[in-house]
Structures are given as structure tokens and as C-alpha cells.
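So the protein lines, in turn, are chains A and B.
Quick note on my numbering: the first sequence kicks off at 1 and runs consecutively.
Quick note on my numbering: the second sequence kicks off at 1 and runs consecutively.
Just so you know, not all the hints are guaranteed correct.
[Said to hold, decoys possible] Some but not every residue of chain A turned toward chain B, in silico, with C-beta under 10 Å: (1) V39; (2) S41; (3) L119; (4) T137; (5) A143; (6) I152; (7) L176.
It is worth saying that the hints were derived from the structure and are not from the lab.
Just so it is clear, CB atoms sit at the ideal spot from N, CA and C, and this is done for glycine as well.
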Amino acid sequence: MTRENGRAEPARIFLRPPSVLAVLTALATITSPVAAHHVGSYVPRDNAVTTNFKQVKFSVQAKKYDVALQLFDAGALRAEMRAHAAALPPGLEDGTRAALTAGDGPEVERRLMIFFAALSRDLALEADRQIARPEATAEVRAATGRKFLEAIWRYYNLVDFAVATRDNKTSVAVRLAFDEAETYVKPAAGGAAPPDPAGIREPLQRIAQALSTLIDASSPSSTTPRRNS
Amino acid sequence: MTEADSPTWRVPPRWVLLVAVLSIVAAEVGGGSMARFKVELTRWARDGMLARPGVHGLVGVRDVDERILDEALVKFDAGLRLFHMHAEGMGLVIIATAMVAATVIRHDAARRAIIALLTTGGAGYPLGYLLWSALIPSYGLERSKAIAEWLVWVPFGTATIVALWCLVGMVALRMIKS
């Protein structure tokens, strides 16, 4: 058989209607539906500080203090301690290093707990400051609150167990304040802005206060500088 | 056995094949470019986001902002990957479905319309992912997604789905008649 242009028709494969229908059904199924196009998903990852914390923590738990010391010396944890030195109890970095050198696991855990409590407290204070801005709209306040709460929890969650074993009341107070804070920034029905996102300030202040008290009580020196909370 | 009793696969029009192959070529070039220019692309997207802190809701605190930037960069990369995969896949879908339409549909106007919808829809839909990625640094995740949806995914995706269901109907009708 030839085409209209006189060229030979390519080889043909015999076809039965039921097989065509099956192929078409399969193709219709695999084609992405318009309303549900796939855009990927995001799972929050550890940052350099939390990654280094976990490395050090697991090394200490395995009693590999030499490994933990190497990871601490070269990692983001120590760099971050130096960067935040002004807001931390004096000697926190040196003390952590000394505890690692001495193979004192509980002391390492206590000092890291103080460090992450301080990071969380500073984030709570900064969140309170930004949400208090008079020019911020309800949407901006809610969005800012949600982002800060996520960052606070990412750090505090790492040491909550250590906090609870030393000061259960503070642990409970922080978690209750955190839960309350979330209710103020949760989107209302239909995705609208929550009615009173500024209400998050009070639980944020409670978080900062509880963590400041914990840091002061856990620090070896009574001259530890306290943040205005 | 006559031709009417034993239909055979017919090659779709050449412009359809050209579009389908171009889609696959674009997918391969896109995939290769993603690997070759990964650092440059990431840097470009990050710089674009940092230049528009308000669009992305950056608050000026590294511990908060790095998570926002990370999510946007992951989605930026996902958009490029999804373009690569969809352009590859839809190129093959265009060839297969256009071949079925060319073979089964006897009515000229219907056949041309369905093949045109399959081809434009199939080739256009993956471009939505490329557009989404390109717009993320300037418009943020949600707004760029909305733009890509209404400019590309909805019209081209609808074209493909409508054409496929029409094709299913045509094949079913032919089965009933025969």
C-alpha cells in the first residue's frame, strides 16, 4: 500500500479495539489531573547547628568523647556559641569543651541545654519585638509569629528532655506557653488571618521569662547576665 | 482480511512528532543544565529571594530565614526536576495518544482537533513547572504557583484531559459500532 504522495507506507502492526481502549485508559490515568498537579513537598531539614548538636550528643551517648570533642571543635555549635557569647553565661564554650575533655557527659548535656535555651529565649524576645511593631498588619503578625514559633521549637525541642529532667516545671511552662502561642497565629476558617495575633506576645514573654530563669538557675556563675525579658 | 476489519497504527502528522521530540529534547537539556549549573542556579535564586525579603516573608533573623530560604530553594529545584520529568513523559504521551487518534478517528475535523489538543496540552503543561521555578525568586512560592496554575497548568492540562477523554469516547464508540 502507498500513501497519497506515492511513498511506501511504513510497516503496520495489527490492532484490536479492546487493546486500544486499555492503552487509552492507562494513558488517561497517568496524565496529571489539572486540579492536583504535583509540586513536590518540603520536609524541614536540620541546620548546621542542630546537625552538629546531634553529632556531639550521639558521640557523648556512645562515650566517644574524643570524637565528640573533634566534632565540637570543628562544628557550627562552637562557632555559634562564640557568635552569641554576649548573650550567654560566661565561660559556656570553655566549660563545654572542658567537660568533653574530661568525659563528663551530664555536664556536656547541661551546658548544651543552656545554650539552646538561650537561643530559644533570644528568638522569643525577637519575635515579641517584631510582633509589637505598630505598623505590622494582622497577617504579618500571624506569619511572623508562626515562623518564630517554628524556629523556637526547632531549638527548644532538642533540649526539652534535658530541661524536663532538671526542672520539670519550666519544661511544662514552656510547652504550655508554646501551645497557647500557636492558637493565636493559627489561620482562621477559610484561611483568613487569625483575629488576635498580637495575643501571642504574652505567651512569648512567658517562654522568654521561663527560659531566662532556667539559664540563670543552671549557670555555674550567679553573675550571669540576664536578658530583659 | 480487509483493512476495515484489521485497523493498523498510523503515524501522526509530522509537526506532532516534531513537538513531541522537541519536548523530550527540552527535558534532556533541562536535566543536563540542572546538573551542570546547579550552583549558579541556586545562587541566582537565593540572591533573588534575598533581594525581596518582603515577598518571601524574611524577618531578618538567620535562624528563621534560613528555613524559609531552604524551603523556597527546595521547591525551586523541585520545579526544575518536575519540568524535566514531565517534558520527557509528556513527549512520549503525545506520540502514543496522537498515534491512537490518527489510527482510530475517521472524522477529519475531530481527529485534527483531538491531535491538536493532545499536542499543545502535552507540550505546554510541563512548561508550567519551568515557569513556576523561574518566578519563585520574584513572586514567592504561593503567588508564583498561582500564576503558573492559571497561565499554564489549568489551560494546557485541561486540553490534555479533555482530548484524552474524547479519544476514549471515540474508541469506545468505534468498538460499539463494530
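Going through the numbered hints above, which ones does this structure break? Give me the numbers in ascending order. 4 and 7
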